[in-house]
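Novice: Sequence:
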Amino acid sequence: MSLTRLEVNPHTQYSLYVTPTYLHTYAGPRTTTHVPIYPKLLPCIINITTHLQQHPLPSMSDPKKALVVFGSGPGIGRNIAAIFAQQGFSKIILLSRDKARLSSDVKFVQAAAAEDHEVKTSVDGLPIDLSDTAKVRETLTNLDMLLARYRLEAVLYNAARVGASKMFEFSAVEMETDYRISVVGLYMVAGWALPQFEKLAAKDPDSKPTLLVTSGGLHKDPFPAFFSLANVKSAQYNLVHSLYKQYTPKNVHVAAIVVEGQVRDDAKVTTARHIAEEAWRLYEQPQGEGDLDVEIQDPDYLEFIGKNG
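Numbers in this note's numbering are just positions in the sequence shown, counted from 1, shifted up by 584.
No wet-lab data here; the hints were simulated from the structure.
Glycine is no exception: its CB is placed at the ideal position from the N, C-alpha and C atoms.
Be a bit skeptical, because a hint or two may be false.
[Said to hold, decoys possible] Computed cross-link-like contacts, DSS-like style, restricted to lysine-lysine with a CA-CA straight-line distance of at most 25 Å:
{"hint": "1", "residue 1": "K750", "residue 2": "K783"}
{"hint": "2", "residue 1": "K750", "residue 2": "K787"}
{"hint": "3", "residue 1": "K648", "residue 2": "K704"}
{"hint": "4", "residue 1": "K649", "residue 2": "K852"}
{"hint": "5", "residue 1": "K787", "residue 2": "K852"}
{"hint": "6", "residue 1": "K834", "residue 2": "K648"}
{"hint": "7", "residue 1": "K804", "residue 2": "K649"}
{"hint": "8", "residue 1": "K804", "residue 2": "K852"}
{"hint": "9", "residue 1": "K787", "residue 2": "K834"}
{"hint": "10", "residue 1": "K829", "residue 2": "K783"}
{"hint": "11", "residue 1": "K648", "residue 2": "K787"}
{"hint": "12", "residue 1": "K649", "residue 2": "K704"}
{"hint": "13", "residue 1": "K691", "residue 2": "K649"}
{"hint": "14", "residue 1": "K834", "residue 2": "K852"}
{"hint": "15", "residue 1": "K787", "residue 2": "K804"}
{"hint": "16", "residue 1": "K783", "residue 2": "K648"}
{"hint": "17", "residue 1": "K783", "residue 2": "K834"}
{"hint": "18", "residue 1": "K783", "residue 2": "K649"}
[As the list claims (entries may be wrong)] Derived CB-CB ranges, DEER-like:
{"hint": "19", "residue 1": "Q694", "residue 2": "L876", "range": "30 to 40 Å"}
{"hint": "20", "residue 1": "D728", "residue 2": "P808", "range": "36 to 46 Å"}
{"hint": "21", "residue 1": "G872", "residue 2": "K750", "range": "40 to 50 Å"}
{"hint": "22", "residue 1": "T725", "residue 2": "S755", "range": "24 to 34 Å"}
{"hint": "23", "residue 1": "K787", "residue 2": "E873", "range": "10 to 20 Å"}
{"hint": "24", "residue 1": "M751", "residue 2": "Q694", "range": "41 to 51 Å"}
{"hint": "25", "residue 1": "L876", "residue 2": "G672", "range": "18 to 28 Å"}
{"hint": "26", "residue 1": "A809", "residue 2": "K852", "range": "16 to 26 Å"}
{"hint": "27", "residue 1": "V746", "residue 2": "E868", "range": "21 to 31 Å"}
{"hint": "28", "residue 1": "E722", "residue 2": "A809", "range": "29 to 39 Å"}
{"hint": "29", "residue 1": "K787", "residue 2": "Q671", "range": "19 to 29 Å"}
{"hint": "30", "residue 1": "K804", "residue 2": "A748", "range": "11 to 21 Å"}
{"hint": "31", "residue 1": "E861", "residue 2": "A756", "range": "37 to 47 Å"}
{"hint": "32", "residue 1": "E702", "residue 2": "K829", "range": "14 to 24 Å"}
Construct the entire structure; sequences and hints are all you get.
Specialist: Dropping the structure here:
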């Protein structure tokens, strides 16, 4: 009896053996099955297996990677999430204070993932108020449960109150709130994620555990009309730099995405899509070799700062 072996995916030890009357599958010890087929179906079976040879099934041992986005939104947050979904991340969790916008962001990422039919991505949205430390702790506990079946490999911290602050009219309470959102919140999230990343890096040298933090040019060149945002972004960048120094030797990547310019679809450089592509480039860098930051500068913004700085 003629026997043809068709290797489908060596990583899963999954093979097909085709004979004139049976389709045999082998997926490891004691898991062989024999499925009767009609002779006329044999060419069709061979065509299917040939397709599988060219488009292998994912390995059963492939990790189901997860990205968590703190501070989703119609610009940077959901576009970075969309790229990670398209690149094969199995789980995306979006967090935002705006519940209505959160629903729209989830649909956006789901649609982006659906463009690649080989990607199966689960997308969830959770409300969060990063100015409330008690709520942040509660949310981090909930995330542990949601991620139980996945491997946390990337976190994006994209939360900030972006708005003007007039000197000495902007209250101390409002300044404190800005600090809790941009700095204290990041500190808490980093304390949750980085120990997990450290264990992952030690266990899997091919993993790329990464914490990305969005920043802006105000951290180095403050603009008085936005002094509160400039203050917290300066403190936040300092924290990122400290985390980078501490965790790079542990093969965990911490990096800032410094966006200098308005994020608009018609921007020359600072489009949400381009920023997302730069975020993916940072994530892709090998363990222990990641950059501290990437600067994405729009010429119109630089011209404005030059005239008004």
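Novice: Going back to the hint list, which numbers does this structure go against?
Specialist: When the structure is compared with the hints, numbers 1, 2, 4, 5, 7, 14, 15 and 32 turn out to be violated.
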